[in-house]
Structure formats: C-alpha cells, structure tokens
Amino acid sequence: MPEDISDYELIKSFINGDEASFNKIINKYKHKIYWHARRMTGNHLDADEVVQEVLLVMYKKLKDFQFKSELYTWIYRIVSTRSLNYLRKRSLRKVFSFDDPSTDSVSSNEDIAKSLEMKEKLDKINSLLQKLPLKQREVFILRHYEELSYEEISDLTGKSIGGLKANYFYGVNKILELMKNYEN
Amino acid sequence: MKIDNRIILYLDNQMNDEERRIFEIELSKDTELSKQLESYKNFMHSMKIDENDFRDQEYFVNLIPKFRKNLSADKRSFKIKTAYTLTAVASVASVVAIVLLIFNPFKTSENNSVEKLISTFNESEAVDILNYYSDDLSNIKTEQLNGTSDSLFTGLIYSELNLQETDLGHLISADEISIETIYSEIQSEEADLIYNEILKKKYF
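Protein chains in written order, with this note's numbering: chain S, 1 to 184; chain P, 1 to 204.
Each statement offered as a hint is correct.
As a list, the in silico DSS-like pairs of lysine-lysine whose alpha-carbon atoms are at most 25 Å apart:
(1) P:LYS66 with S:LYS24
(2) P:LYS41 with S:LYS32
(3) S:LYS114 with S:LYS124
(4) P:LYS66 with S:LYS114
(5) S:LYS89 with P:LYS66
(6) P:LYS79 with S:LYS63
(7) S:LYS61 with P:LYS75
(8) P:LYS116 with P:LYS200
(9) S:LYS30 with P:LYS75
(10) P:LYS2 with S:LYS135
(11) S:LYS89 with P:LYS81
Derived contacts from chain P toward chain S, CB cut-off under 7 Å, selection only:
(12) ILE3
(13) PHE54
(14) TYR59
Worth flagging that the hints you see were computed from the coordinates, not collected in a lab.
Positions of the beta carbon are idealized from the N, C-alpha and C atoms, including for glycine.
Model the full structure from these sequences, guided by the hints.
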C-alpha cells in the first residue's frame with residue numbers, strides 16, 4: 001500500500017463510495033487499534049470483540065469526521081470509549097454470572113501470541129495493567145505505549161492535563177509496587 | 001523496586017527547566033540515583049513488546065474479511081429490526097384508530113349536530129321551543145342558582161345580568177326576591193325580547 005496516500009484522501013474517497021479506501025484505512029491502523037484494545041481489556045478474545053465494534057463504528061461514522069483532529073486521535077477515542085464500555089459490561093457480567101470464574105476468556109488458548117515465551121510476557125504485562133484503575137490504565141497505555149503527548153491525550157479523553165499527569169504518576173507507582181510484590 | 005519519584009517526573013518530562021537542571025546535577029553526583037534511573041528505564045522498556053513481531057499474524061491478515069462479514073450481518077440485522085419496528089408501530093396505530101372509531105371519546109359530533117339544528121331554527125320556531133320548555137325553566141329553584149352550578153340556564157342569567165357567580169344568589173337572598181317572582185313579573189313583550197336576545201347569542 002503506498003504510504004503517500006493521506007488519511008484525508010482515503011476518507012474522501014471512502015465517502016465517495018470507494019470501499020477499498022476503507023480497507024486501506026483499516027490496514028493502516030489495525031495494529032494500533034488491536035493493541036490499544038488488548039491492553040485495555042487484557043486478553044485477545046475481548047480485544048477482538050472491541051476491535052470489530054470499533055471498525056463498525058468507524059465505518060458508520062467516518063462520513064461525519066470533520067478533520068478537526070488527526071484521524072488517529074479520532075480512532076483512539078473510539079477504541080478507548082468502546083474498551084471502557086466493554087470492561088464495564090464485563091464487570092457487570094461477572095457480578096451476575098453463575099459461571100466458574102476460573103473458566104473465563106482470559107484462559108482461552110486462542111491468542112495472537114504463538115510462542116510460550118511471548119505468551120507469558122504478554123500475560124505478565126496484561127495482569128499488571130488490569131490491576132490498575134481504569135483511569136490510570138487508560139492514561140498509562142496512551143502515554144507509555146502510544147507515546148501520545150498530554151495535550152493529545154487530553155483532547156482524546158476530555159480530561160485536564162494536570163489530572164492526566166497525576167493519573168500517570170500514580171499509575172506508574174502502582175505498577176512498580178505490583179512488580180515489587182510479584183518479585184517477592 | 002524502590003524508585004525516587006523524581007525519576008518518574010524527569011523521564012515523563014514533567015519537570016520545568018530549573019527542576020530538570022538541578023536533578024541532572026544530582027544524578028551526575030549520586031550513583032545510587034543513577035542506578036535507580038537505569039533500573040526504571042529498563043523496567044519500563046520491558047513493559048513493551050515489539051508489535052512488528054505480530055504484523056504478519058493470521059489474525060491481522062483475516063481482520064478485514066471478518067469485519068466485512070460482520071458488516072453484512074449487521075446490515076441484515078438492521079433491516080430486520082427496522083421491519084419489526086415499523087410493523088409494531090403500524091399495529092399500534094391500527095389499534096388506536098380502531099379504538100377511536102368504536103368508542104369515539106371526543107364525541108363532538110353530537111354537539112355539532114345540536115348546534116347545526118339550532119342554527120336552522122327561525123325566530124318563531126325558537127320561541128315555540130323555548131315556550132315548550134318554559135315550565136321546566138320556571139321550576140328551577142333558587143338554590144340551584146345560588147350555588148356554583150354550571151347549568152346552562154344559570155350561565156345564561158349570569159352572562160345577561162353581568163353577574164359574578166355569587167352575585168345572583170346574594171341578590172336573591174338579600175332582597176328576598178324569588179326567581180319565580182322575577183319570571184311572573186316579566187311582561188310577555190319583555191319575555192319575547194329576552195328570548196330573542198338569548199337566541200341571537202346562541203348559548204346552545
């Protein structure tokens with residue numbers, strides 16, 4: 001896929017009826033969408049559900065995109081929102097479910113990581129992230145993994161920069177504390 | 001892992017220029033602090049994975065076909081849901097229409113027909129009808145006028161004499177005038193005049 005086709009041209013082309021342009025947009029951002037959803041939800045199957053939801057939303061709403069922000073900011077906003085909604089629904093399901101919690105989706109064999117070493121590393125990272133409160137988790141992921149500036153994160157989440165910095169600071173401290181307990 | 005909090009702020013660019021300058025001077029002199037900084041950097045690096053290792057994974061190759069399949073299913077589901085919704089709305093509207101036709105809660109037709117009938121009377125026909133019912137009218141008791149009854153005749157009297165609700169009752173009780181006395185002292189010409197005026201205003 002040629003890299004010089006801008007997001008603007010792809011979106012315009014899609015709005016004019018070119019479905020292939022939407023596929024190109026997916027190809028350009030699918031890894032970012034997946035990994036953000038994966039880090040928020042903690043496992044592959046839940047991340048996949050979120051990804052499919054996000055793609056549907058993008059397909060329906062892209063014609064309303066106003067170019068007031070970068071496309072990737074708009075996409076991250078959708079991923080974050082959908083992930084948070086999914087996590088809240090998941091929490092409710094756990095409260096009202098009579099299923100054995102040890103057989104939940106986290107223990108599924110279906111995963112993007114094929115080697116055992118990679119699987120263990122992903123599981124360790126995910127378990128640390130899942131122990132963070134949602135607000136701290138979201139900021140930590142966007143800052144540490146997506147390397148967005150606080151201004152971009154503020155634009156994306158609607159939260160104040162000061163609050164985001166505080167959430168990041170406490171999130172890092174929490175992870176360090178969890179690592180210390182893990183090593184002990 | 002014990003980490004000085006300033007390390008987190010320093011690597012996250014949360015220090016201003018002055019704070020950064022002071023911290024860097026301290027780092028250069030404090031080996032323990034430098035070790036903590038390196039340890040923290042290594043730890044944060046270990047929290048990342050190289051996403052390029054997964055670029056060619058089957059999951060990402062099949063992502064678009066899976067999305068297109070879900071999109072078709074979503075469009076079909078939307079059409080079915082729309083059809084069900086329209087059917088439900090049409091059913092409710094039909095039931096409401098049938099109920100209105102059968103029970104007719106508004107009942108304006110009856111009133112409309114009475115008004116139409118009255119509007120067809122000429123003067124002599126209207127007088128004949130009022131004379132026919134005059135016995136009934138004269139039998140109205142004062143108590144009925146004294147109260148807050150909204151009978152048609154009470155409304156006529158109040159309106160013609162420009163009275164408030166309690167005025168007539170007060171008038172009658174204060175002056176000990178009975179309504180029958182009022183009726184009996186009206187001359188026939190006066191009565192005709194009153195009837196004609198009432199007819200003109202068409203209180204019915």
